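Full structure from sequences and hints, please.
Residue numbers (this note's numbering), protein chains in the order written: chain Y, 5 to 275; chain H, 5 to 275; chain W, 5 to 275; chain F, 5 to 275.
A few of these clues could be false.
Given that identical chains are not distinguished, each listed pair holds provided it fits within a single copy or across any two copies.
[Unchecked claim] Quick list of in silico lysine-lysine cross-link-like pairs, DSS-like style, CA-CA up to 30 Å: (1) 258 <-> 197; (2) 133 <-> 7; (3) 258 <-> 56; (4) 56 <-> 110; (5) 248 <-> 7; (6) 15 <-> 215; (7) 215 <-> 6.
Please keep in mind that the hints were generated in silico from the structure rather than gathered at the bench. Computed from a prediction, not measured in an experiment: that's the story for all the values here.
Number of protein chains: 4
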Amino acid sequence: MKKYLYSREYKKTNTIIDIKGTKIGGKKIIVIAGPCTVDNISYILETAKGIKDSGARFLRGGAFKPRTSPYSFQGLGEKGLQILAKARKETNLPVVSEVMDTKDVKLVEKYVDIIQIGARNMQNFSLLKTVGKIKKPVLLKRGLSATLKEFLMSAEYIMKEGNKNIILCERGIRTFVEYTRNTLDLSIIPVLKKETHLPVIVDPSHATGRKDLIISMSKAAIAAGADGLMIEVHPNPKKAISDKDQTLNLTQFKELMKEIKPVAEAIGRNL
Amino acid sequence: MKKYLYSREYKKTNTIIDIKGTKIGGKKIIVIAGPCTVDNISYILETAKGIKDSGARFLRGGAFKPRTSPYSFQGLGEKGLQILAKARKETNLPVVSEVMDTKDVKLVEKYVDIIQIGARNMQNFSLLKTVGKIKKPVLLKRGLSATLKEFLMSAEYIMKEGNKNIILCERGIRTFVEYTRNTLDLSIIPVLKKETHLPVIVDPSHATGRKDLIISMSKAAIAAGADGLMIEVHPNPKKAISDKDQTLNLTQFKELMKEIKPVAEAIGRNL
Amino acid sequence: MKKYLYSREYKKTNTIIDIKGTKIGGKKIIVIAGPCTVDNISYILETAKGIKDSGARFLRGGAFKPRTSPYSFQGLGEKGLQILAKARKETNLPVVSEVMDTKDVKLVEKYVDIIQIGARNMQNFSLLKTVGKIKKPVLLKRGLSATLKEFLMSAEYIMKEGNKNIILCERGIRTFVEYTRNTLDLSIIPVLKKETHLPVIVDPSHATGRKDLIISMSKAAIAAGADGLMIEVHPNPKKAISDKDQTLNLTQFKELMKEIKPVAEAIGRNL
Amino acid sequence: MKKYLYSREYKKTNTIIDIKGTKIGGKKIIVIAGPCTVDNISYILETAKGIKDSGARFLRGGAFKPRTSPYSFQGLGEKGLQILAKARKETNLPVVSEVMDTKDVKLVEKYVDIIQIGARNMQNFSLLKTVGKIKKPVLLKRGLSATLKEFLMSAEYIMKEGNKNIILCERGIRTFVEYTRNTLDLSIIPVLKKETHLPVIVDPSHATGRKDLIISMSKAAIAAGADGLMIEVHPNPKKAISDKDQTLNLTQFKELMKEIKPVAEAIGRNL
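Below, the structure is given as structure tokens:
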């Protein structure tokens, strides 16, 4: 039987991804935070400084945005990436941003520290193969109706091309449930930890779609064994371009960081 | 607009259910443990003593068993209840058992401390009305495809008849996911905590169907704000009548209790 | 391996249920129609006459109503059954009505020709066993999240007690889909036809929850091989006690009967 | 409020797409058939001739294959397209094939008559925009967990770029159901017919994953109002590279065409 590159059979020890000294998949829980969509330099800088003060390790923000409607704002593109790069320069926070098209991979790679593949593109195999050939780590989000096998095989598509630095991200699945945007499936964390050596993080913002649930589900994700969190934060969520209802402000994010700390310590980890 | 009896609008403070001095819904996390099906007095006694030593507060066991097939063992009936009662006498652990038929409610009430309504009967409205007229607390399990409104309205059916002591139990929902028996929906915990004053517990054994996930998901449930857990335990899971794959032995249960303790403390609670 | 009573291995030929000369499961497609809830004699009589004129073979109407909220109208009970019986006397249409509690089985049996088990009670095993002991045919609705095995095993619960006259009814499953109340799963029809000798009907009213879809889905159900349909009809849907949005008026029902006729004939059956 | 290009508000009359004289979306039901994966010229020619004899109007076959595993055969690429083109030349059947990468759109466009966007790429917005700029009609498959709005908005992405010739294809959604690969959601047909002027076809092969259900579900799809079908056919399904279990042989396909004919006529259409 084939030993898949993602599997524990292939590699027993946890993969720890080192990005300028910050390690993902090790003892430390890492938190990635920032707005859904990059809007302007002043908000991004305010976000970057605020989340860094609270203990976040990465800044996230979308420059190429997958939007259900073609009439919704599609992102600032390269200009958005430049804004992220500026914020990185000022704060030293490495940045994460999504790529949606094979032809943009080179461009995005130039600006970001972690390249993100969104849930809708989890089985965009051409894109997976392309990011498999770059050097930067890839954050791969689970598709809304992806099985375990499909999720891991999408990681395998990337690894097969040579890129072994993949971070898996649970971000909710589509179910009949009506009180959250999607259903956060935390059970996949210990399952992934058993099947693969790759780090696993959780995005409670997209999963729940409700800012009042994010702290609770962040604590739960860490208790379940996640290696990190990805949280939507904006200095003024009402003015955020997208995902207003699930975006924390900087004070709420600080509170989140404070509340997850003892949970991380309770399971022998830290922030 | 109607103020439902379950709602925070009707009653602001948490309902705390006191069963012979053990409080459900207060600061303490309570753990209910025991076999899926009551088999014999020696196993039940061994279970009761073992789980009590590890810190469990209630003994569970099925005497009337809802089984998919009519040819599967349907439970010992009253004899099973008598076995539970004996175990209670020896250990002082109050007991929880399921009722499936309106005509058995009086009988089950006589023997148990908490009467359980199973997931399949969550909308068996006749049964809900009947247990609404008894004095014992009711543990109401969420149906496999129940919405929030349906779940809370089933509690309302019971409360409307006079019985206000209801414990809600999340036990997994039915989704496309294939690596767990059901999908544990922990996001419902903070949602329920917002909507209702009733205590909320989680059953990771039925939700996951996999013993290797139970400790992780128990920690996650507590971190998410659950007031308690319901865990399947048997001294010799291989010999358990039902649910072998998701049943912990006494050593594993002891480990579970040890591991959840710091998580409970991290969020300001204890066991 | 056990040959289940429902299975084709146990009985090769289709079960045809004869109710006062009307056969369910044979060449003829039978249509059951009537209001969700029995309201008053004049509406019920008008309905019965109207649907009979259009070719319906059975009158349906709920006397005991499973309602999500305990504050919703719970049905007229025995009085509702008496109204149905009167309509039967005047029109000779046999009647179908639901039972929800083991203690009401005898009562409902006295008045109706087919006793219905609703979706929420598909795994109310006590109720299944009780209707297994009566002589009247049972219409068993699929639960909202029932697997094939669960559905068939619930039929087996009834058959094991002696009652072999069971009509299976697909009425939609719970999925993420938002434009219909539930998702009508017509693929289960040919699957059931392969696995079991029992007749299979479809309830597009509850499945879709939208009157504008009922004719299309009725045609599809027949084309897929269903032995009959169950349709919600009321002389004045706006005044119906429940399910207004999915209830046809008598003119729309007449149109439905007209439109399904050529489809039935196209597959070698008739009304 | 915006009038979307796909909407009935924007265009009242049905869009009829004319491909070399064959019209999709008109009175005639059109059938597209062929293997999941293009393998070799002799099988493809045999398929093309066989399906044409039975009344199919289009030949389908995958040259670029979206496969869950990177180790599965990924398709013949351009060579596969050349094989399809040869079969078209010999039989005059126009061909349908999938494109998965923006960079291959020009290539695929050169060889095929209808360009297909697969379910996994339904929200690959870069790909949608790219095929929006070509002249050939696009067959857009519904994603496994796509809502109505998401499905229609993906069509809008294409139309907004100028390409108005889009065929929507229901191919099953992901649910808890275990006896079919996916759940064929036929209710979306009348819903789409109400919301949009675009033609709608159904792929029962991928939806059910079971060849024994394809004829029944094809009849149901037509009865529900579909404008066409897409069926997997191979002269020797056991030797097909992919989807063996759901592929009809030429005799079974002939039977399918014979059986759907009277259903089409029953609703006033023809093949």
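The hints, checked one at a time:
For the homomeric pair residue 258 and residue 197, the shortest alpha-carbon distances inside one copy (28 Å) and between copies (23 Å) are both at most 30 Å. For the identical chains of this complex, residue 133 and residue 7 are intra-copy neighbours only, at 19 Å inside a copy versus 38 Å across copies, given an alpha-carbon limit of 30 Å. In the homo-oligomer, the alpha carbons of residue 258 and residue 56 lie at most 30 Å apart inside one protomer (10 Å), although the nearest pairing across protomers, at 40 Å, exceeds that limit. With identical chains, the CA atoms of residue 56 and residue 110 are at most 30 Å apart within one copy only, with a shortest distance of 28 Å there and 46 Å across copies.
Taking the shortest alpha-carbon separations for residue 248 and residue 7, only the inter-copy value of 25 Å comes in at or below 30 Å, while the best intra-copy value is 43 Å. Within a single copy, residue 15 and residue 215 get their C-alpha atoms only as close as 38 Å, which misses the 30 Å cut-off; across copies the closest is 24 Å, which meets it. In the homo-oligomer, the alpha carbons of residue 215 and residue 6 lie at most 30 Å apart only across protomers (27 Å), although the nearest pairing inside one protomer, at 43 Å, exceeds that limit.
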